[in-house]
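Participant: Next come the chains, spelled out residue by residue.
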Amino acid sequence: MSLFGSLQVSASGMAAERTRAELLVENMANAETTRTPEGGPYRRKDVVFSSEPQSSPFSAVFQTEVGTGVTVSDVITDARDPIKKYMPGHPDADANGYVAFPNMNPAEDMVDLLNSQRSYAANVAAISSVKDMISRSIDIMRT
Amino acid sequence: MLNGVTSDLERYMDLLSARQKLVASNIANADTPGYKTQDIDFQFEFATLAQGESPQTIQPEGLKEKPDGNNVNVDREARLLAENQMRFNLASVLVKDQLKTVQEAIQGGGAS
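These protein sequences, in sequence, are chains A and B.
Per this note's numbering, residue 9 is the first one in the first sequence, and the count goes up by one each step.
Per this note's numbering, residue 300 is the first one in the second sequence, and the count goes up by one each step.
One thing to keep in mind: the hints can contain errors.
[Stated by the list, open to error] To be clear about the criterion: a stretch of chain A counts as covered by chain B if any three or more of its residues have a C-beta under 8 angstroms from a C-beta of chain B, and this derived list gives those stretches:
no., segment
1, 125 to 132
2, 136 to 150
[Said to hold, decoys possible] Rough simulated footprint, nothing fancy, chain B against chain A, three-plus residues with beta-carbon under 8 angstroms:
no., segment
3, 48 to 59
4, 86 to 100
[Unchecked claim] Capping the alpha-carbon separation at 27 angstroms, the derived lysine-lysine pairs in BS3-like fashion look like this:
no., chain 1, residue 1, chain 2, residue 2
5, A, K139, B, K399
6, A, K53, A, K93
7, B, K399, A, K53
8, A, K53, A, K92
9, B, K395, A, K53
10, B, K335, B, K363
11, B, K365, B, K335
12, A, K139, B, K395
13, A, K139, B, K335
It should be emphasised that the hints constitute simulated quantities derived from the structure, not laboratory data.
In this text, a Cβ means the ideal position worked out from N, Cα and C, and glycines have one as well.
Given these sequences and hints, build the entire structure.
Facilitator: Structure representation (structure tokens):
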């Protein structure tokens, strides 16, 4: 049934956008973090999306499906050099009195977050539309 | 099915749901680098597709490609989403009407 497959495709889009939003929020929360378990300042993270055919054990039996969902294939860590600020009193300062802070642009993260929110909403709109189509199909049976 | 018109409507609705799934894929992949918009040639498939066969997907031309190789136009997909939904609703009303006619015939004309 193609219509139920559409729900799965849109749900994969929502899940991917949610993961992206979570990482962006994490980035903004850690904009001033100078200590991490890996050592050094926090580094900005971002997602890599890739398209993926949606399949379930059930649909494999009726393998006639078209359409692909989306998945987060990788989480990348920003390689930009940290910003050095002169703060001699800071416990994480180096020998010259400089502290490494995450190299982050809040505007960049905010714009990405807005983008993610809009994409999430677009997937929700697709789900409501398909839901309406499914309920119309069910209505045919109630003549 | 009951007659030619109803089976045509059934095929029409099948194609609309296949197309709606492609629209959902396009929206889900609006931020996927390198993804190309997928669609079906609706009129061609409606004229040639046999019962139970799945339609061929095409990549529509004339869409502007972003620097990351993605060419999904969300406005186009929003339009298609709404259009497919309305077409499907219309078809479902028509099928329902056909079934109602048959039911009336069975019950002897409106004496339900």
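Participant: Next step is simple, just say for each hint if it's right about the structure.
Facilitator: We went through each hint and held it up to the structure:
Check on the segment 125 to 132 of chain A: 3 of its residues sit with their Cβ under 8 angstroms from a Cβ of chain B, so the three-residue criterion for coverage holds. Coverage of the segment 136 to 150 of chain A by chain B holds in this model, with 8 residues showing a Cβ closer than 8 angstroms to a Cβ of that chain against a need of three. With 4 residues carrying a beta carbon less than 8 angstroms from a beta carbon of chain B, the segment 48 to 59 of chain A meets the three-residue requirement, and the given coverage holds. A stretch counts as covered by a chain when three or more of its residues have a beta carbon under 8 angstroms from one of that chain; for the segment 86 to 100 of chain A and chain B the count is 0, and the coverage is violated.
Straight-line distance between C-alpha atoms of K139 of chain A and K399 of chain B comes to about 24 angstroms, which keeps the hinted pair within the 27 angstroms bound. A distance of roughly 22 angstroms separates the Cα atoms of K53 of chain A and K93 of chain A; the hinted pair therefore holds under the 27 angstroms criterion. With a CA separation close to 58 angstroms, the supplied pair K399 of chain B and K53 of chain A exceeds the 27 angstroms bound. With a CA separation close to 19 angstroms, the supplied pair K53 of chain A and K92 of chain A stays within the 27 angstroms bound.
Taken as a hint, the K395 of chain B and K53 of chain A pair is broken in the structure, with Cα atoms around 52 angstroms apart against an allowance of 27 angstroms. Using a Cα cut-off of 27 angstroms, the hinted pair K335 of chain B and K363 of chain B holds, with the two alpha carbons roughly 10 angstroms apart. With a C-alpha separation of about 10 angstroms, the suggested pairing of K365 of chain B with K335 of chain B holds against the 27 angstroms cut-off. Between K139 of chain A and K395 of chain B the CA atoms are separated by roughly 18 angstroms; this keeps the pair inside 27 angstroms, and the hint holds.
The hinted pair formed by K139 of chain A and K335 of chain B meets the criterion: a straight-line CA distance of about 25 angstroms does not exceed 27 angstroms.
Of the hints listed earlier, those the structure fails to meet are numbers 4, 7, 9, in rising order.
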